[in-house]
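Colleague: What follows is the residue order along each chain.
Protein chains: 2
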Amino acid sequence: MVKVTAHTALLAELRAVLGRGAVLTDPEVVETYRRDMMPLAAAGVPLAVVLPTTANQIQRVVRAAAAVGVPIVPRGAGSGLSGAANAIDGCLILSTTRMRSILEIDTANRLAVVEPGVVNLDLREAVEKHGLFYPPDPSSYDWCTIGGNLATNAGGLCCVKYGVTTDSVLGLEVVLADGELLRTGRRTVKGVAGYDLTKLFVGSEGTLGVITKATLALRPLPQAPSTLVATFAETQTAASAVSRIVRAGLVPSLLEIMDSVSIDAVERHLNTELGAGAGSAALLLAQSDLGGDAGRAEIETLEQLCIDVGADFAYSTSDLAEGRLLLAARRAVLPALELLGRGLTDDVCVPRTRIGDLIVGCAAISQRVGLTIAVVGHAGDGNMHPTIVFDPDSPTETSLAREAFDEILALGISLGGTVTGEHGIGKIKQNWLAKEIGPIGLRTHRALKQALDPMNLFNPGSMFTAE
Amino acid sequence: MVKVTAHTALLAELRAVLGRGAVLTDPEVVETYRRDMMPLAAAGVPLAVVLPTTANQIQRVVRAAAAVGVPIVPRGAGSGLSGAANAIDGCLILSTTRMRSILEIDTANRLAVVEPGVVNLDLREAVEKHGLFYPPDPSSYDWCTIGGNLATNAGGLCCVKYGVTTDSVLGLEVVLADGELLRTGRRTVKGVAGYDLTKLFVGSEGTLGVITKATLALRPLPQAPSTLVATFAETQTAASAVSRIVRAGLVPSLLEIMDSVSIDAVERHLNTELGAGAGSAALLLAQSDLGGDAGRAEIETLEQLCIDVGADFAYSTSDLAEGRLLLAARRAVLPALELLGRGLTDDVCVPRTRIGDLIVGCAAISQRVGLTIAVVGHAGDGNMHPTIVFDPDSPTETSLAREAFDEILALGISLGGTVTGEHGIGKIKQNWLAKEIGPIGLRTHRALKQALDPMNLFNPGSMFTAE
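From first to last, the protein sequence lines stand for chains A and B.
Anchor point for the first sequence: position 268 equals 268 in full-length UniProt numbering, and the numbering is continuous, going up by one each time.
Anchor point for the second sequence: position 35 equals 35 in full-length UniProt numbering, and the numbering is continuous, going up by one each time.
These are calculated hints, taken from the structure and not from any lab test.
Warning: the hint list may mix true and false statements.
It does not matter which identical chain is used: a pair holds within one copy or between any two.
[Said to hold, decoys possible] Heads up, simulated BS3-like pairs for lysine-lysine below, C-alpha to C-alpha not over 30 Å straight-line:
1) Lys213 - Lys129
2) Lys435 - Lys129
3) Lys213 - Lys435
4) Lys161 - Lys213
5) Lys129 - Lys161
Next up, chain A with everything else stripped away, as it sits in the complex:
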């Protein structure tokens, strides 16, 4: 009874702060904010969804929620793949999607200042007009938000040459658990004044605060790409090509791998042929953005190297439309798989020399559990996304999918890898985080969480439990 009254009073306060249209409690509407894109993660029932438009509103929401002990789960567009943005029972879902202003583009100093709800693609297009480039490009770049990208330290296809989100962040504004506004970082290229709080908040998955503003470093717009596709009869031959590329000191702007299951799915889906025809075990897709002769030369070097290693087929082009088509094929893997069933995308990163072993190991896991597993990945940095296809209406398949998901993580660790290259821990891999970082690592995480969020207000139980 006390609780109900407290919740009623909280909702009234939130409506006073945010306006009635920014506090959603209708169950059908709330339902659409309960989950991200990870099918297996738990999702509770939130008390309400709030849609603030200013940092000050967020400060007031945080203080009001803290006063009655109602937890807050920060959320961007919900494109995440770890359940980090999933609701917990009785929480407030705090979505920053209405904070979508690009506040500043400083071309002379190559930086942008943005609100967290700005969609990744909108930022890309806005800075491109000034000849500038914001590298992080997760698959969901046309609908995910910068706030979500920051919270998960998102990656994408760009990482092999341009790094992940944290490499593009200069500074943040964050609402802390006590409602105070923290400013981290700087507007300059370099700076070492104090602890690197910026990079502590990036990738903290909404467990330490709510990001309300970000200062992002931009790069010069790359040159038009040259593109290479090569197919291989053996997975390990394709993997050798990747190792040779690394050893040769080449840094293409994109280097992706698809296994035979992915190739087949895409070829059927797009009704096209990607390489040497039926029977290819693996496909490499590479781009150079050096431009002009340099770009063509880099791609030709890659092509020759693939042929030397034993590619069945290799084709390079500087035609932009062709390059886009090849890239579209890579991006079509997930939609193609979704025609076969629900896709459960895993995320492991292994040393670049172990990519072949990971793909071969996934084929063995697929055999054992009897579910299709397609592996695509960012070969250039060893970050692989085995995707398990299953029928979510079948409890057996769902359970087997979960089994395969975990076996892939165990395989990744056994190959010297990590249980998440870019999707995060969220509400699906907490046990795996504990396994990877060990008891001292976990204790350190808990100490930091306790220091910054002593009431365990932000996204409790996500990433790790408080005790």
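Dock chain B against the given chain A, drawing on the hints supplied.
Modeller: Structure of chain B alone, referenced to chain A:
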């Protein structure tokens, strides 16, 4: 009396753990470990200097010191410029210089695993044999240690293209305040499992733990450089050239600026002429490491741009010996100034558009205090090092030098900059850190310090005070 007994017992225990030759108490020897290279920072008298050779020894030192409340100041080679490694009274100086093994160079995955006492240049040379490159190159690269580089998040000339130390670190092993061994990060290129503890420890200036091992990302060895030198009659013209380079989307591998005072000092010292002769207000030095035609083309583009903006003189070369000589002139600024008196090197980073304002402002400060101030800096990232020349035996000049030092920081902040681009806060800029990050930032720092080092064991009072 109790204290003396406790200290005697501690020293006996340390000798039992480390061996007699690794616990130094002779005042003359200890004196050489009391300070780094920042003349104005306070330095206390340590109880002893300890020289462990293993992580396990460090764990035992930390536990023994913690048991009797004796603080620990971690130290590398002592090349720092903020007093961060300076002793405080009654502390243990824990120098990691005897831990100098390169444990592994994994060429296939482009990484190295090293102990903290490895000298930067030794690592560079070791990986170069494998066609690999460790970018961070602080001025002291031929004697500073990787451990010190990590603790200060060191930069150098490479940063304009390759970033600072934190950008090259994949994982760490750290002894925590309770003596436990924490492993952070990973061996893979990407990874987002948990908070980014690695980047929290990098740049924490020995206040959070003792780094005992590091996994470092390596790059392909760059191509032989092409070099450009250009001189300008007006500081702001040189600054415009820098802005134009940034706007044009060019990313040279090196872009340094020297003001007239630096030019004159070097020309006198080396008895050479660097450009247009007497009267140049500023000199830009740039390199491209794209190699071959691409490198030459990039340098020619830079050269043309300098001429278009109004350079008096511009000269480019792909001759390696000439390039080395020009770079040696840049590196000779500090030795040249030291012939005139003691050099007090400041460190501010400003937006790249404000470099001219900073140099002009420093000239005004020089006028006002009556001391020579030479400005050199990493123009490509706005990180400027105004160096004040003073007579350390003159209390008046010492006081004026400190005054100028602070005025430069105030100027840097007023231009939108930070009070340290790469040297750190240490025991000289604590008040400036507080000013830059504000009370919420300071409180956040203290909360994190309290979480990881509740007894305030590591480098207390450096960077910020506990209360």
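Colleague: Looking back at the hints listed earlier, which ones does the structure fail to meet?
Modeller: Of the numbered hints given earlier, the structure breaks just one, which is hint 2.
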